[in-house]
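*Asks:* Sequence:
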Amino acid sequence: MLHSEFAHNRPMNTPINGAIPADAAWQRTGKLWSSLKEVCDLLRIPPSAAVIADSDTQFQHVQFKAGQRIHTIGQPFDVLYVVNSGFLKTVMIDVFGNEQILSFPMKGDLFGVDGIHGRRYESEAVALTNCDVILVPFKKFTALGKAHPELEAAIYGVMSRELIREQSMVTMLGSLSAEARVARFLVNLSERFSELGYSGKQFNLRMTRHEIGSYLGLTLETVSRTLSAFNEMGLISVDQRAIDIKDFNALKTLRRLPPSRTRNKEKQALASAAALASQRAVA
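Note that numbering that gives the first Met the number 0 has the sequence shown beginning at 0, numbered continuously upward.
I should point out that these hints are in silico values taken from the structure, not numbers from a laboratory.
Positions of the beta carbon are idealized from the N, C-alpha and C atoms, including for glycine.
A portion of the hints provided could be inaccurate.
Pairs of lysine-lysine, BS3-like flavour, derived with a Cα cap of 30 angstroms [said to hold, decoys possible]:
1. 36 <-> 139
2. 30 <-> 139
3. 106 <-> 245
4. 200 <-> 145
5. 145 <-> 106
6. 36 <-> 64
7. 138 <-> 30
8. 245 <-> 200
9. 138 <-> 106
10. 36 <-> 251
11. 145 <-> 36
12. 139 <-> 106
13. 36 <-> 106
14. 138 <-> 36
Pair by pair, the computed Cβ-Cβ distance ranges are [stated by the list, open to error]:
15. 201 <-> 231: 16 to 24 angstroms
16. 227 <-> 56: 25 to 33 angstroms
17. 55 <-> 200: 37 to 45 angstroms
18. 231 <-> 161: 29 to 37 angstroms
Construct the entire structure; sequences and hints are all you get.
*Replies:* Put into structure tokens, the structure is as follows:
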């Protein structure tokens, strides 16, 4: 059972089991189906020649609006999900309705894996933005695994990749200061954006500071205060949810914040170094 000062309540009228309601998803004009090769590309799996030649296997796209639930805790498991676009959060919810965020799936991520063992989803997935999600029926996945053993191994590799990411988070929560957790969170987001071909330097946070706190085991106030301190030190530029990373290496190696007086000196030193570099460039 999860319960902490960092959790927040979920709406009481949310269904806790059963299939996705008919009105849970929203349809739009756009891509409705993807081939097996396209799904492999999205998951960053090198497809074999047999997979490339398989043009008959198609996977359905479903769209969700921000705030809608993709699956709920206790819902019978029958589908794995691949994010085609948008951002989500997966959460555990205790008996009091408080939630603890487990992950923030984004493009190319696989989720719903926690339902395989008990045949019911153990967590809840919620869209943070409008999302396009590809459905991978588990029966179809197992059939494909028999036809393409190398594909099955690759999919398990993707699952392992997600598990390693979660284990890294557990290790981080147990060993790093609050400031270092926020720094690693920004570094991780930056690296994930870069892997997808987007800017790893400038990006928007799709989650609230409260949600970041829930994920990192911190209070809203601590997250906000730490981001402001990073901004003050010149490590990042922050404007509400817009982040511009100024010193990636410093964020990656940060262990804890120096005293405020030291931060002011570091900020002045960074400004002086930038001014000197600009003068040299002009000369």
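*Asks:* Determine for every hint whether it applies to the structure shown.
*Replies:* Right, here's what the structure says about each hint:
Straight-line distance between C-alpha atoms of residue 36 and residue 139 comes to about 15 angstroms, which keeps the hinted pair within the 30 angstroms bound. In summary, the hint linking residue 30 to residue 139 is supported, as the alpha carbons are separated by about 20 angstroms, within the 30 angstroms threshold. Taking the CA atoms of residue 106 and residue 245, the gap is near 25 angstroms; set against the 30 angstroms cutoff, the hint holds. Straight-line distance between C-alpha atoms of residue 200 and residue 145 comes to about 42 angstroms, which puts the hinted pair past the 30 angstroms bound.
With a CA separation close to 27 angstroms, the supplied pair residue 145 and residue 106 stays within the 30 angstroms bound. Between residue 36 and residue 64, the direct Cα distance comes to roughly 27 angstroms. Compliance with the 30 angstroms bound is thereby established for this hinted pair. As the CA atoms of residue 138 and residue 30 are separated by approximately 23 angstroms, the hinted pair is consistent with the 30 angstroms bound. With a C-alpha separation of about 8 angstroms, the suggested pairing of residue 245 with residue 200 holds against the 30 angstroms cut-off.
Restraint check: the Cα-Cα separation between residue 138 and residue 106 comes to about 23 angstroms, which is no more than 30 angstroms; the hinted pair holds. For the hint linking residue 36 to residue 251, the alpha-carbon distance of about 35 angstroms lies beyond 30 angstroms, and the restraint is violated. Between residue 145 and residue 36, the direct Cα distance comes to roughly 17 angstroms. Compliance with the 30 angstroms bound is thereby established for this hinted pair. For the suggested pair residue 139 and residue 106, the alpha carbons sit about 22 angstroms apart, so the restraint of at most 30 angstroms is met.
Between residue 36 and residue 106 the alpha-carbon distance is near 16 angstroms, which keeps this suggested pair within the 30 angstroms criterion. Distance check on the hinted pair: residue 138 and residue 36 sit about 18 angstroms apart at the alpha-carbon level, within 30 angstroms; holds. The beta-carbon spacing between residue 201 and residue 231, approximately 19 angstroms, falls within the hinted interval of 16 to 24 angstroms. In this structure the supplied range 25 to 33 angstroms is violated for residue 227 paired with residue 56, their Cβ-Cβ distance being about 50 angstroms.
Between residue 55 and residue 200 the beta carbon distance is about 42 angstroms. The supplied range of 37 to 45 angstroms therefore holds. One distance hint, 29 to 37 angstroms for the beta-carbon pair residue 231 and residue 161, holds here, with the actual separation near 35 angstroms.
Of the numbered hints given earlier, the model fails hints 4, 10 and 16; all others are met.
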